[in-house]
Amino acid sequence: MKYLRTLAFLISFIPLFVLACGPSPQKVTKEITIKAEPAQVWALVSDFGGMQRWHANVLETTLVHKLDAESGKEMNYRTLKLKDGGSIVEKQRETQADEMKLGVILEQGDIAVSNYSDAITVKPGAVAGESIVTWVGRFNNKANLMQAPEGQDNAAAIAAVESWFGLGLEGLKKAAEAK
Amino acid sequence: MGKFTLFALFALFSCSATAAPFAYITNQGADTVSVVDLGLNKVVATIATGKAPVGVAIDHNKNRLYVTNVEGRSVSIIDMMNNKPIGEIKLAISPVGIVLSKDATQLFVADWFEDHILVFDTKKVLDADAGQHFEEVPMGKAPAGMVVSQDGKSLYVANRDSDEVGVMDIKSLKVVNKITVGKHPFGMALSGDGKNLYVVNVQSNSVSMIDTHSNMVTATINVGEHPYCVTTNPDGSRAYVTNTGADSLSVIDTQSQKVIATIPTGGFPEGVGYDDSNNHVIVASWMDDEINVIDAKTLKKVNSVATASKSRAFGQFIGNPK
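Chains as they are written, first to last, in this note's numbering: chain A, 7 to 185; chain B, 13 to 334.
Chain B on its own, in the form it takes in the complex (with noise of 0.2 angstroms):
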């Protein structure tokens, strides 16, 4: 191997080590999370999960990624450093949309069955009794998706069987408005600015927009057949939305509240992430256990790369660990 060789795979390493961010699929059917590269797009780690992994969250600060395990019960924590799991916290109800507070002192954890929402303080979580200590603020029928409002102040929870968004605040864990939304909210995402929330209601086909400041619904725009989840680029002009029923992602722009492209992607297409390092956007399929990246500025998909059975990827699941 000639020094040139030597000196271009170091850079390579050193590269994928600390500028691409990485894609955290979580794969169902596999009871495995994929660290895929972004930058190589490429599977770089695979990280033994519970059982039928589901929803992310990243916590930069430490650069750890909790994991919900629905059939497994439990959360699992993971090292983003080093991808390796170093806690679990076994529950006894079965957890899906998972999202941490904007200081990551607090996770919150959807109960899907028992319509509850479990707070964890994040230093406790790696306490052998950790599944034992939180606290339970009652929630709207099967929550779901969850995102903090950009002041760090409200968690917004998808209330998929009760067709409303419920918001909780933060400081007094009660629960504080109500907005009703589309059949079946699933995922959410904030705009780049946080001034809108957006929420996907599987059944009625379409998006609802929600004024963050007045909490008031000001758009409904019409999607692809059962929408699942969406994401955001960071200025807010766009939002991308999986369309399960249609193996399609429908980019809408926010200005004018229309969908101006309709892209095909993998089947069952479910979680979404923008990957702003790269303007790609980044789609689960959960049909053909891969992602599809997509690039932003021409909406052509420009790569996929295979992950494991039922990848997901449902919540934050795009990571720069350092």
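Chain A with its partners taken away, still in its complex shape (with noise of 0.2 angstroms):
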């Protein structure tokens, strides 16, 4: 009863809470190998404006420059026009210079996860001439609940964000490989 009486609580003011991280939050670990040399793979990801080259479910980024509330800080913000309806907005995180990595964290979207943030990763592979690209992901489910509805739960989740990795990565692989 008093479980059910916290679920009810909580639905009330979800959007309160939509800012906080649940305790149990979830992972996608994407990693795929590209016939690319690294600088070459980095071009692409690294443009932060670009993603529409290789993501398949990009139509169009609008990339905006301004003052993060949070840090104080200018930071770049785009806001991705989805193919398949809606769009997404993220903000680019800090990163250190000489990695080849590229950061996001999620302000509001048309995908079922709150609380998202990633990184993209690349790294020379095993041959010379391959790149290695991890992509990595930390976010709740929609509802920001242990126990959420279908929809909204982490199956949910978890199934958005492979779909998003999947289709990114293999657009990545294409445009690359085609140079």
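None of these hints come from the bench; they were simulated from the model.
Every value quoted in this text rests on a predicted model; they were computed, and no experiment measured them.
There may be inaccurate statements among the hints.
So, partial list: chain B residues that the calculated Cβ filter (under 7 angstroms) puts toward chain A [stated by the list, open to error]: (1) A64; (2) V82; (3) R85; (4) V108; (5) W124; (6) Q215; (7) N217; (8) E237; (9) G257; (10) A258; (11) I275; (12) G279; (13) F280.
Estimated spans, in silico, between C-beta atoms of each pair [unchecked claim]: (14) B:K312 <-> A:K79: 20 to 28 angstroms; (15) B:T232 <-> A:E37: 34 to 42 angstroms; (16) A:A45 <-> B:T117: 57 to 65 angstroms; (17) A:G78 <-> B:K54: 50 to 58 angstroms; (18) B:K135 <-> A:P130: 53 to 61 angstroms; (19) B:G206 <-> A:L73: 37 to 45 angstroms; (20) B:N227 <-> A:V95: 34 to 42 angstroms; (21) B:M228 <-> A:E176: 51 to 59 angstroms; (22) B:D265 <-> A:F54: 32 to 40 angstroms; (23) A:E183 <-> B:G206: 57 to 65 angstroms; (24) B:T117 <-> A:E176: 41 to 49 angstroms.
We put the beta carbon where it would ideally sit given N, CA and C, even for glycine.
Put the two chains together into one complex, using the hints given.
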């Protein structure tokens, strides 16, 4: 009973809770080997306004450089217009200059997750002229609840991120190897 | 095998059993704790826990490790001498933060969703019905990190969604103070001399420094994006903060209250602890399923040790069973 009461209470306050990470976040990791030089792959990945060049579900990108209220710093934001409808707004994460790593924090978006952040890393492959790209994301389900309703639960969130990464990495491979 | 080799092996094992501290890393995605020998930089044991372990507390008197299982809704109790589970406190709540009183007679468990601190008598935690016997202290919203003051009299609780640190008097179990900090306080640590308490503010990208005598915020120090946890070195001259949004560790000079170095870490660094026998800072990386070993003098990453899925290590996770 107590648990049901808590759940009902939490659901009634969802808008207040979406900004705060739940206690048991989920993770998806996907990796792909690309027959192209790391620098060439990195050029595609690091072009913050160019995701439509390699992600099959991105129609166009709008870039904005603005003050981030949290850090007080100027940060890069992008709005990805999606082919299957809706959009995603992401903020570029801070990264070290010498790393081939690009990370984003999801601000808002038509995807079944909350508290989402990720990182794409490009590393040299086992063979010269090859790259290994790893995409890893951390997120809560859309409801941000441990026992969430269907469609807003962990399974739905993981499926959404797996599809996003899968389409992206396949497209990245295609784009990089076509050059 | 020669005599010398045998001797060397013996020396190695006797050292690892007594001298080197161990890091007890909770792996949220593997339902285990990885025990890392910090002398050998190697996982020497893997202990099964409940579902989604997060928080850690160590009782050095009884050589016991307490682990909160947020999805399993329980606290695992582990014997640190043989790395075997010896009990489980079954709860109705979702526990995250966990800490022991100074004399280890009381165990404090933060109830994330219902805004309470549960107080257990450690003499009874191995009883079958241990999960039904506790005192309940109302707290601020989403209580997370907890720290006990140097004198053992106060429990500090980071109430994440209330943007404050609650101060509970341990004797009377009453909240006696609330200190307003930045947005979404989470991890906390005391300075080596106990005079200062450091609290990370996840959404303000800063650390609040609290004077534990006056319970006033004396400084706010900007760190990296979305900081999570903090630790200090024994003399209190440094504080180390994990930045989950920047995959880095901020090193703070506590005298000048400035960040003097930012060191790259594994992805989404969470728990951080100070290994004072090697002067290393140990960072748990949630994304990369590893710990990073950072030399506190050179401020360089000297080693990484693979742990298991979603390493968190929230709380006091470095211990030395004896």
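We went through each hint and held it up to the structure:
Contact between B:A64 and chain A, as hinted, is supported at the beta carbon level, the nearest pair being about 5 angstroms apart and thus within 7 angstroms. For the restraint placing B:V82 at the interface with chain A, the shortest Cβ-Cβ distance is roughly 5 angstroms, inside the 7 angstroms limit, so the hint holds. For B:R85, the suggested interface contact is broken, since its CB lies about 9 angstroms from the closest CB of chain A, more than 7 angstroms. Against a cut-off of 7 angstroms between C-beta atoms, the interface hint on B:V108 holds, since the closest Cβ of chain A lies about 5 angstroms away.
Annotation: interface hint on B:W124 holds; nearest CB of chain A at approximately 5 angstroms, less than 7 angstroms. Because the smallest distance between the Cβ of B:Q215 and any Cβ of chain A comes to about 6 angstroms, under 7 angstroms, the interface hint for this residue holds. Evaluation of the B:N217 hint against chain A yields a held restraint, the C-beta minimum of about 5 angstroms falling below 7 angstroms. Among the interface hints, the one on B:E237 holds; its C-beta lies about 5 angstroms from the nearest C-beta in chain A, closer than the 7 angstroms criterion.
Annotation: B:G257 was flagged as interfacial toward chain A, and the flag holds, the nearest CB pair being 6 angstroms apart, inside 7 angstroms. The beta carbon of B:A258 comes within 4 angstroms of a beta carbon in chain A, closer than 7 angstroms, and the hint placing it at the interface holds. Restraint check, B:I275 versus chain A: the minimum CB separation of about 9 angstroms is more than 7 angstroms; hint violated. With a cut of 7 angstroms, the hint placing B:G279 at the interface with chain A holds, because the nearest CB-to-CB distance is about 6 angstroms.
Here the hint on B:F280 is kept, as its CB sits about 6 angstroms from the closest CB of chain A, short of 7 angstroms. A hinted range of 20 to 28 angstroms for the beta carbons of B:K312 and A:K79 is consistent with their spacing of about 26 angstroms. Checking the proposed 34 to 42 angstroms range against B:T232 and A:E37 shows it holds: the Cβ atoms sit about 40 angstroms from each other. The supplied range of 57 to 65 angstroms is met by A:A45 and B:T117, whose beta-carbon atoms lie about 60 angstroms from each other.
Restraint check, A:G78 to B:K54: a C-beta distance of roughly 42 angstroms breaks the suggested window 50 to 58 angstroms. Distance hint check: the CB atoms of B:K135 and A:P130 are about 57 angstroms apart, consistent with the given range 53 to 61 angstroms. For B:G206 and A:L73, the Cβ-Cβ distance of about 38 angstroms falls inside the hinted range of 37 to 45 angstroms, so the restraint holds. The hinted window of 34 to 42 angstroms between B:N227 and A:V95 holds, with their beta carbons roughly 40 angstroms apart.
Taking 51 to 59 angstroms as the suggested C-beta distance range, the pair B:M228 and A:E176 conforms, at roughly 56 angstroms. The given range of 32 to 40 angstroms is respected by B:D265 and A:F54, whose C-beta atoms sit roughly 34 angstroms from each other. The hinted range of 57 to 65 angstroms is satisfied by A:E183 and B:G206, whose Cβ atoms lie roughly 59 angstroms apart. Checking the proposed 41 to 49 angstroms range against B:T117 and A:E176 shows it is violated: the Cβ atoms sit about 58 angstroms from each other.
Of the numbered hints stated above, those contradicted by the structure are hints 3, 11, 17 and 24, listed in ascending order.
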